[in-house]
Amino acid sequence: MTRRSLLTIGDLDRAEVARILRVGNRFAEVMTRDIKKVPTLRGRTIINMFFEASTRTSTSFELAGKRLSADVVNVKGSGSSVEKGETLKDTVITLNSYAPDVLVIRHASVGACAMAARYTDAAVISAGDGKHEHPTQTLLDLYTIEREVGPLDGLHIAFVGDVAHSRVARSGIRGFQMMGARVSLIAPPTLLPRDAGAALGVETSTDVRDVTDADVVYVLRMQLERMGPGGFVPSLREYAMTYGINHGRLRPGQRVMHAGPINRGVEISGELADDPTTLIERQAANGMVVRMAVLYDLLAGPSGSPEPAGAPIGAVAV
Amino acid sequence: MAVRLVQKPGPGASLVIRGARVLDPEAGIDEVRDLVVRDGVIGGDPDGLEVVDAGGMVALPGFVDPHVHLRTPGREDLEDIATGSLAGAAGGFVTIIAMPNTTPVVDNAAVLGTLLERGEQEAVIRVGFLAAITVGQKGQELTEQAEMAALGAAGFSDDGHPVSDARVMRRALQYQAITGLPLVLHEEDVKLSGRGVMHEGAVASRLGMEGIPSISESVAVARDAALAEYEDGWIHICHVSAMETVEEIRRAKARGIRITGEVTPHHLALTDEAVTSLDASRHKMNPPLREESDRQALIAALADGTLDCVATDHAPHDADEKEVPFEEAPFGITGLETAFAVCNTSLVAPGHMTLELLARRMSADPARALGLPVPTLADGAVADVALVDPAARVVVGQDGFRSRSRNSAWLGEELLGRVALTIAGGRIAWRT
Ligand SMILES: [Zn+2]
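Residue numbers (our numbering), protein chains in the order written: chain A, 1 to 318; chain B, 1 to 432.
One thing to keep in mind: the hints can contain errors.
Stated by the list, open to error - Chain A side only, calculated, beta carbon under 8 Å to chain B, not exhaustive: (1) Gly43; (2) Arg44; (3) His107; (4) Ala112; (5) Gly130; (6) Arg167; (7) Ala199; (8) Val202; (9) Gln223.
What the hints assert, rightly or not - Where chain B lies over chain A, by a calculated footprint (3+ residues, C-beta under 8 Å): (10) 10 to 21; (11) 87 to 97; (12) 185 to 198.
Please keep in mind that the hints were generated in silico from the structure rather than gathered at the bench.
Backbone N, C-alpha and C fix where the C-beta goes; we use that ideal spot for every residue, glycine too.
Just chain B, same shape as in the assembly:
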C-alpha cells in the first residue's frame, strides 16, 4: 500500500539555475554553483537550456507541508485543489497533505477516490490526502481504513477535532498494523477548552475572553503518547502550541515512542499579545497563539528536533465569516504563501536557527514524519526545488494571493524572503 501523491501531468522543466547557493543538508550539498534541471530531473547537460539568473538566491529541496486545508469538497469558494496547490507552489512547497475535515468528510473510499482524481487534473504540485480516523470525524466508529489505505490515503486524521474517546484511539492505533499509515492527531481536551476563543492567560484576562488552556493540548498528548506506547503505534502531533506539550513529546521520544510533532509559522512568530488587535481574520486560530515562553519553547524544540517540522495548517476562510466580533469568528488563518518568509524572518534572521536547519524542518523532516518521499537536489532525482531569495523584502498580499482566501496574519506586513521559483515533481509550478 503506497501513499498516492497526485499532480496534473505536464512537461518536465528544463533550465539552469545559475549561481545560486545550492543547499541540500540531507545530501550534504552546500555550494554556490549552477543547478541543472533537464526534463524534470536534476543534473545532466546544461547546453541549450534556459538560464535563470539566481545570484544571491538559495536553491533548496522543495518544502513539504503535512497539514493544509483545501476546503474541497464542499467549500470550493474558499479553496480548491487548483488554488490551494498554486498557493503551495507560490510558497515553495512541492508536496502538501490535505486534511479530511471537508463537506462531506473524507471518511470513505468514494470521496477519497474523487479527490485523488481531481488532484490528478488540478494540482500543480504533489497533493496527498489524509482520510478521517472516525466516521464523520465524530470520534465514535473507525472509518474503513484498510480500504482507504489501499486507495492511497496519506494517513488518518480527525483534524479539527480530537479523538476524545480513548478506546476509539486505542483501536485506531491497533489498526495501524493493517494500514501502516500515521495517525495525525489534533490534540485537545474539548472539555478543558470549553468555549475558549484564545489562549488562557494574562491577555485573555485583560480582554475578558474565555481562554483555551495549554493543558487542554498537553493532557491529550500525554494520553495518546501512553496509548501509542502501549500499542506500539505511530502518531504525529498536529500544530503543537504549548510548552507543556513540547515536554510531553520530549518525554515520549525519550521513551522510544514513534511520535513526531509539527509547529506552525504563526505559533513560532506570534504570541497572544497579537490578539489585542481583536481582528479574528488575522489572529484567531486553534490552537491559539500562546505566550512568549511558549513561543521560545517551540523555537527551541524545533531547533533540537523535539518538534520535527513546520506545518502551515493553512486554513482559508471567507472574509465575511471572519468579519464578525472576534469571539464569533471561525478559527484559522492561511499560511502556504507566507510560511517560508515568516520562518525566515522570525527564526533565521534573528539567529534562532540557520537557513540550513530551517530547510530540513520544512522539507526532509515533514516528509519523514509522514513517511513521504524526501525531496533532494542530488543528481538523478526528480526535480523538487524551491529557489528562494532570503534577503528580499516582500509586503504580504501586495501582489494578491494565489489562495482564494486572504485571512493572513501578515496581510500588509513586510517579511524577509521571496520564493522565486518552485519546481515540483519535475514541473515548473511557480515562477515570479
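In isolation and in its complexed conformation, chain A is listed as follows:
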C-alpha cells in the first residue's frame, strides 16, 4: 500500500494542519523533559535523502526521527550513487527494497519528490524540491506564528524579497492562506513571478514601504545560487538599500521571520537579525517538534481522525 505523502502543503487541509500543530505542541512539552525521547515510532525506518545541502533541515529531520525512536538513515547527495551516474529513480527503487516507512527528500529540481513517490511504497515527505515547495517549513512557520503572535485568522503576512526563487514563499502563501491569513508579496519586479498576484491569489507590491501594513514581515533569502548569470538585481548593495529590511523600515510591534540561512546585511540587517524580538531563532527551534508531529501524523496518527487524547505520544519516556 502506498502511504500518504506530504509533497506540498496542499496535500493537507485546514483540519489536518491544525491537528499537526496540536501534536507539535504536545511534543514541545516532551522536549522540556530531561529525557527527550519517546517510543512512538520504535521499529519504523526513516531514510533522509538530501541531494542538496541543508544542515538545518536535515539535522532537524534526523533528530525528529531519533527522538521518536525510529531508525534513521541519512543518504547524502554528495559522494552518493547519484554522482556515480545512478538516477534518482534507481536510487529510490533501491532504497525502497529495504522497506522504509518514510523517505524524506530534498532535491534541487521541481518534481523530484513527486517522481520519487511514484517508485516507493514509503510515505514521501518533501524537504524542499527546487523552487516548488517546502511544506514542513510552512508547518513550522505556522506553528511559530500561532505560538508567538496568535491565531492566523485575519493576520497579514508579507513576504519580502526574492519571491521568484523561494519555495518557502510558495508553500507559505498556500499554507497561510489556508489557515485564514492574508498574504502579500513585496519584491523587486525582477524577482516577482509573472502574474504572481493572480496566480497565487495575493496582493503584490514593489514598494518596500508597504511592509508596514503587515503584522508579520517574512524576509526571504536572496538565493544567489539559483539566479545564475544575468542579474536579477544590479547589485546586492543596491538590493540591500532598496529592499533590505532593518529596524528603520519597520513599525513597532511588527514581527520578523526568516527561514535561514541569512545573508546578513543583504536582505536583513545584522542588527535586526540578532534582535530577540524577531522569530528567527524560534523558527529554527520549532522545526524539530513540528517535523516530529509530521512523522507521527503520517506513521502513527490515524489519517483523518483526531489525534488520540492523552496517552501514547508523549506519555512514555524511555
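Once you have looked at the hints, place chain B with the ligand on chain A.
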C-alpha cells in the same frame, strides 16, 4: 532540383474500400461510395479486388507531417526510419519530413545521402529529409545547401535551435535564390527562454519553475518575418505555440510575405495546467504548453488559415531519460500515432472545425507549405489514402506503439478516432 521523398519498394495496393465517405476537399469530392485502388493507383475496375468494408468510415487524402524526429542517425534506439515511418503509417500519414538534429547533424551531403539510401530500404511511407541551415546547427556558418538541394533535401532547418544571428539568417534567406527550398524555423530567443522548462505564467509561478515566455517565440518570428520581407524569402514557422506569434504571422501574411506556420496537436489540445502532473514524459516540450487563451488563438488561427497546417513534432525519447525530475528531463513527446485522434477529439468533436477542414490542414496544406506533392483521391492519382473511423474510441498505447518510444501525452487516455488503413505511395503501409 527536386525534393526526394523515399520509400521502400513494394507491390501496389489493389482493393476496394466499400461504402466509405470519400472526402477530398481539394478535389471537391465528398460522397459515400466505393473507392477503388488498383495497382497502387486510384480508380479503375473493381472486379476481382479485395473488398474492405468501410461503412461509417471516411477515406481522406493521406496526411503529411512536415516536422518529425526520426532520431536517425545516432539514436536508433529511440527511433529509426523503419519504426518512425511505421508510426507515421499507423497515424494515417503518407509523407513525413524528418528534422536534421541528429548525431551527427544532417549538415552535409554524405549524411543526407546515407539517409536517403536507408529510407529507400526502410521507409514504409514517403520520407523526406531536411538538412541543417548551419554547420552543426551551431548558427554560424551556412551548410553547403546547393549541394544538398541537388541531392534532394526537402528544405533546411536548425530545429531544436533557433538561428540566433540575424546576419546568418539573412544569408540563408539570400541563398534561397539558389536552393529554391523553404527555411523551416524553430523560433526562439534563447536568452529570453533562459533556463525555462515550461510556459511562463500562473502555473509556473505556482510550481516554482522557470518560465519560457511567449515573447521568446514571437520576437524571433517578428525578426525573421522582417528579414524574409527584406530578402523576399520563404519561411515556414515550426510549432507555433503563442497568441503573440499568431499575430506576428497574421501581420506578415497581410504584408505579402511568403510565410507559413504549423501547430502541433498537443498545443491545440492541452494547456500548461497539464504540467501540474509534473510528468515530463507527457508534458514537457519546447515550445511549452501555454495558456487557454493561446490554445484558443491557435485553434482560431488554424481554422482561418493564419496557421497553415498541423505538424506533430514527433519527438521520441527514452523512458529513462524522461523518468527524472521534471526540470531535468529533455523536451519532447511523440505524436505521429495520435495526431489524427487528438485533433479529431479536441477540434472536430467539440465543433471548432469540420472534419473536412482538418483533413485539409493535415494533408494538402502541410504539403503546400513545404512545396511537396499534394495527396489526392482523384482518379488516376497514386494512392495516398488514410481511411479513418472518426467515431471509434481508442485507448492510447493499449495495442502498443509502433514508435520505439512511448512518451505520449495521451498514454492510457481514450481518444476519438482510429486510423484503419493507410495506403502511401500506392502501397499498403498500415492496416488494423
Ligand atoms: Zn522539432
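Hint-by-hint comparison with the structure:
| no. | hint | result |
| --- | --- | --- |
| 1 | Gly43 | 31 Å, violated |
| 2 | Arg44 | 27 Å, violated |
| 3 | His107 | 6 Å, holds |
| 4 | Ala112 | 4 Å, holds |
| 5 | Gly130 | 6 Å, holds |
| 6 | Arg167 | 6 Å, holds |
| 7 | Ala199 | 3 Å, holds |
| 8 | Val202 | 10 Å, violated |
| 9 | Gln223 | 11 Å, violated |
| 10 | 10 to 21 | violated (count 0) |
| 11 | 87 to 97 | holds (count 3) |
| 12 | 185 to 198 | holds (count 5) |
The structure fails hints 1, 2, 8, 9 and 10 (numbered hints given earlier, in ascending order).
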